[in-house]
Each structure stands twice: as C-alpha cells, then as structure tokens.
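K.L.:
In case you want the letters, here they are:
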Amino acid sequence: MSKLYTFLKYFFITFWTVFVVAPFLWAVSTSFKDFQSVNSKVTYIPWLDFEPTLEGWRVLIKSPAKGGVDIVEPYFNSIFVTCTASLISIVLGTLAAYALSRFTFKAGFVRNNDITFFFISQRIMPPIVLSIPFFIFLSTIGLLDSLLGLVVVYIVLLMPIAVWIMVDFFNRVPKELDETALIDGCNPYQAFYKVVLPNSIPGLIVAGMFCIIFGWIDFFFAFILTFTEVQLLPVKVVALNSSITPWWSLSASALVSVAPLIIVAFIVERYLSKGNLSGALK
Amino acid sequence: MNFKHKFVFLFPGLFVLIGILIFPIIFTIRLSLSGWNSYTPEMNFIGITNYIRLFTDDPRFWESFFRLSFLSVTTVVLQYVIGFALAMMVWREIKFKRFFRVIFLVPMMTTPVIMTVIWRTFFHESLGPVNDLLGGLGVKPILWLSDPVIAKFTVIIVEVWQWTPFMFLLLLAGLLSLPKEPFLAAAIDGASPFRKFVYVTFPLMAPISIGAIIIRLIEASKIMDTVFVLTSGGPGTATETSSFYIYIKGLREFQMGYAATLSFTYLVIMIISLTIIAKVLTKLMIKE
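Keeping their order, the protein sequence lines are chains Z and W.
Position 32 of the first sequence, counted from 1, bears residue number 32 in the numbering used here, the numbering being contiguous throughout.
Position 180 of the second sequence, counted from 1, bears residue number 180 in the numbering used here, the numbering being contiguous throughout.
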C-alpha cells in the first residue's frame, strides 16, 4: 500500500513537472529555429534535428525600420506601468486595510465587512465590462494610449488584491502592538508607521508580489486602451502572432517577457519555506 | 479611538477606487439604454429595448454563458484537486522539495496571453510537437484547435496549466499554517494516511479551500486571454465565452449600446451567482 502510494506520488510529481516545463523547453528550442526548420517537419534538438540560428533573438533588439521587433521600449513601458500601479495600490490599499482591520465603520447598513467586500469585489468585474467605458473615459480626459491612463486602470485591478491580503494580515498582527505604542505617547499615525508597518513586512512583500504578478500579466486592458504611442509587452508579443507567424522571434520574445517573474517564483518559495507566507495568505 | 484618524486611513484608497469606477459604471448603465452603434454613434435613449432583445432574442449570449460556466467550473475543480494533491505531496519532507515547489509555482508567474501563444504552436495540428510525438506512438493527428469538442479541452488544459499553481500556493500556505496537535493525536490513534486526510487534514483545510475556490472561480469567470489567442472563440462559437461575445459585439461590431446591456446583465448575474456559490460552499464544506 505505502509502496504503491510512494510510486504514484513520484509518478504524479514527475508527470506534472514535465507538463509544466514542456512549453518552456519547446519555446527555447523554437527560438533558435529558422523558417526551414519550423515549417518542414517538427524538430526538437538543436544541431541534431536542425541547425540553430540566433535570428529569432537578434530581431528583438533591432528597430522596426530594419525589420526588427524592438521589444525594448514595450519592456520598459510594462515595467513602469506595473511598478507604478503596484506601488500606488500598495500604499493606498495598506492604509485602507489598516483602517478596516483596526477601526469600526458604520454608515447606515454598511459595516467594515461590507467595505472590505466592496474593495475585493472589484475583481469580479470582467475586464471587458470596464474596457468600453474606460475607453471613452480615457479619451475624454485625453489619457487614451498613454502610460498614465494605463496606470489609472491598473490601480483598479491591483488595489483589491492589496486590500485583500493586507486586511487578512493586519487581523493577525496583535492589537496590543498599536495599543502599547499609543500608551507610549505615539499618535495613531506614528503607531502605524513606526510600530505596525515594520512588523508587516512579510505581508507587504506578498501583497507587492501579487500586485506585480497581476499587473505584469494583464493583456486585455493594454490591448484595448493603447495603440501606437505606448505598447506594453504582452500586446507586442501577441501582435507577432499573425497569419505568417515568425515562431522563432515569437518564442524568443515570449521567453524574455516571462523571465523576470520567474525570479518571483523563487522569492515566493523562499517565504513559503520560511513559514512567513502562511500567515500572510490565510 | 478618535474617529477622525480612521477616515484618514480609509478614505484615500476608497475614494481613488470609487473615483475611477464611478464613471464607467454609470456610463455602462446609461449606455445600455441607448442604441449606440456604428450607424448612430450617439447617446440616444431607447428604453429597455436592448434588454428585451437580450432576454428574448439572443440565444448566443446564453450559450456563451453556459459554456463559460462549464469551462470555469471544470477548470477550477481540476485545479483544486490537482493543486491540493501537489500541495500534499510537497508539504512534508520529500527529495528536492524546494525545487518542486518552485517548479509548481512557475506557470502562475507567466503572462497567460504570451504562454497561450506558445501553447498554440505547441498544439499546432501539423507542425506542433504534441501531434508529432503522438504520431510516433501511432496515434492519428488530433484536431486540438479545430474540433469543437476537443478545442474546449485544449482551453481547459491551458487554463489548468496556468492557474493550478495559484491553488497550489494558497493550499500549501494553508497546510503549512495548520496546527500540529490534531496530527499528533491522529498519529497516536494509529490512523491510516487516508483516514488522517479525511478526518483531520481536509476538515482543517475547509475554510482555506473555500476561500481559494471562490477566488479562483472569480478569476476563472474572466477567461478571455486564453480563448482570445488560442481559438478566437472558434471553431464557430465552440469556445466562445461571455466576455469574448461581449468583446465581439462591442469592439468588433461596435454595437456599444447592446454590448453595455450584455456587460451589465452579465455583471449582475456574476455577482449573484458567486454570492450563492460562496454561501453553498461554506455550508457544504464546514459541516463535514
């Protein structure tokens, strides 16, 4: 029984690992191919199956005028939009979460839980529902096709995540902590800033990582709300996916754009193993 | 505490969110009562004509809605089962534990739409590796993207690949935070691993499971990127989900007014059904 269980366990783990890694391996292999080795028959291993070339990687940094793809600018756009929106969401979300966790609010039938639910419920909204009014809203105030406009939209996507994680986290930070600080003569802001915040760093890191992940992987808003002036990475990569797809540069650009967040996977795992995350994520 | 301070903490976030959202929501409701399309791009008032059309004369929307329900429930159930299994396996000591944990987390960190482009080449019917390798085993080429039934499963495979890590992360974090005492008690009683799971682990994990399932259902109901790139709703309308249908009506056919009607109706249905699901799940799982 237990031997069978161990066997099944390792079988399943191996199977899942292969499943997870397979598309990446395929992308790495494809990124070194040329037209011939993509379109004649299915090839896998460089040198053995096909003659590898760096063309797929080289076009990424060439300017469009020379037939390149130029993903450098979209790359920085994506980093800027994701980081700015995450930062704003974390700051505002953390403040709001602290208020919701420590004070009681009453307005008519609205209680703390209802306000928290209001924040989190924004995630229910499908992007498509928001995208049409946002399109018209942003064009009215002249922010269509601009980085700032995207930041505004991404705040709606990310603040619910920050509030969700931080409310949970603050509920776990003992109240006595701020009460002691208040007795010691701090005002509520000092108590928050000097005592509670330093004790909430694991929560802030988790919230920050989640915001960055969900900001970085968004496609739909970037797709609808930008055209030529500003392009984000996912839109740029998907634009390559046309009828005569250059699979090689597509794969190379895909790998380049998913690479930075894979580092996040390592950070998440570190926090998980240290046990810091268990508190931060329910 | 002094009541003034609490508003200083809450209001910036609350008002920024409301400030950004108030216009889109009011605008959507108003737009849904208009006949804005590419011929008459103006905010006229046609009453509830759009809503009547939706409820009496648009089977395609309801089909896409049921398809969405099927896809999201199936993917979330699969993600939950697989995610739980994976979390259980790397919860306790195992060789290369940390390596597997990282590997299991990776797909969640990748941009769905970009990975879907890779999946598209992966499942390509003549030039993709899947059919090639299966062909080596003597299997006939499978129409991953152009068969109406199989295309649904292809979407499910990609969604499960992408989002099982999220479930895995929440459940593993939950498992790691469980108290030790119930497990010691079960060990002293000599409970088998199976009974330990059914009577100790699973009940303790119930609240976390509910949270994780609901979050994933909310996110899964927005399936869009995968469908958009992988199949474009096709073949025919075989993988068309509500979001994608609204997208076609609104931003391809420019029936803005009608698309707003669809959006608003869809949003109301989503909020109601997710609330009901949350209540039912809480009842079912906590009682066990």
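The set of hints was computed from the structure by calculation and includes no laboratory data.
Treat the hints with caution; some may be incorrect.
[Said to hold, decoys possible] Ranges between beta-carbon positions, derived for each pair: (1) Ile276/W <-> Leu54/Z: 31 to 41 angstroms; (2) Lys95/W <-> Ile262/Z: 14 to 24 angstroms; (3) Val28/Z <-> Leu284/W: 17 to 27 angstroms.
[Said to hold, decoys possible] From the derived model, a few chain W residues whose C-beta atoms are all more than 10 angstroms from chain Z: (4) Asp57; (5) Met109; (6) Pro112; (7) Phe153; (8) Ala186; (9) Ala238; (10) Glu253.
[Unchecked claim] Over 10 angstroms on every C-beta distance to chain Z, these chain W residues come out as not near it, computed from the model: (11) Met89; (12) Met108; (13) Lys222; (14) Gly250.
Heads up, the beta-carbon is just placed ideally off N, CA and C, and yes, glycines get one too.
K.L.:
If I take the minimum Cβ distance from Gly250/W to any residue of chain Z, is it greater than 10 angstroms?
P.N.:
The claim is violated: Gly250/W sits with its nearest Cβ about 5 angstroms from chain Z, within 10 angstroms.
K.L.:
Non-interface claim for Met89/W: all C-beta distances to chain Z beyond 10 angstroms?
P.N.:
For Met89/W, whose nearest Cβ neighbour in chain Z is about 6 angstroms away, the distance does not exceed 10 angstroms, so it is violated.
K.L.:
Taking C-beta pairs only, is Lys222/W more than 10 angstroms away from all of chain Z?
P.N.:
Non-interface label fails for Lys222/W: nearest chain Z Cβ at 5 angstroms, not farther than 10 angstroms.
K.L.:
Any Cβ of chain Z at or closer than 10 angstroms to Pro112/W, or is the non-interface label fine?
P.N.:
6 angstroms, violated
K.L.:
Minimum C-beta separation from Ala238/W to chain Z exceeding 10 angstroms: can you confirm that?
P.N.:
Non-interface label stands for Ala238/W: nearest chain Z Cβ at 19 angstroms, farther than 10 angstroms.
K.L.:
Is 14 to 24 angstroms respected by the C-beta to C-beta distance linking Lys95/W and Ile262/Z?
P.N.:
22 angstroms, holds
K.L.:
At 10 angstroms, judged by beta carbons, does Met109/W keep clear of chain Z as stated?
P.N.:
4 angstroms, violated
K.L.:
Beyond 10 angstroms from every chain Z Cβ: check whether that's true for Phe153/W.
P.N.:
Given a closest Cβ separation of 14 angstroms, the condition holds.
K.L.:
Is the gap between the beta carbons of Val28/Z and Leu284/W within 17 to 27 angstroms?
P.N.:
44 angstroms, violated
K.L.:
Is Ala186/W truly not at the interface, in the sense that its beta carbon sits beyond 10 angstroms from all beta carbons of chain Z?
P.N.:
16 angstroms, holds
K.L.:
That 31 to 41 angstroms hint for Ile276/W and Leu54/Z (C-beta), does it hold up?
P.N.:
55 angstroms, violated
K.L.:
Grab the minimum beta-carbon distance between Glu253/W and chain Z and tell me whether it stays above 10 angstroms.
P.N.:
12 angstroms, holds
Hint compliance for this structure: hints 1, 3, 5, 6, 11, 12, 13 and 14 are not met, and every other hint is.
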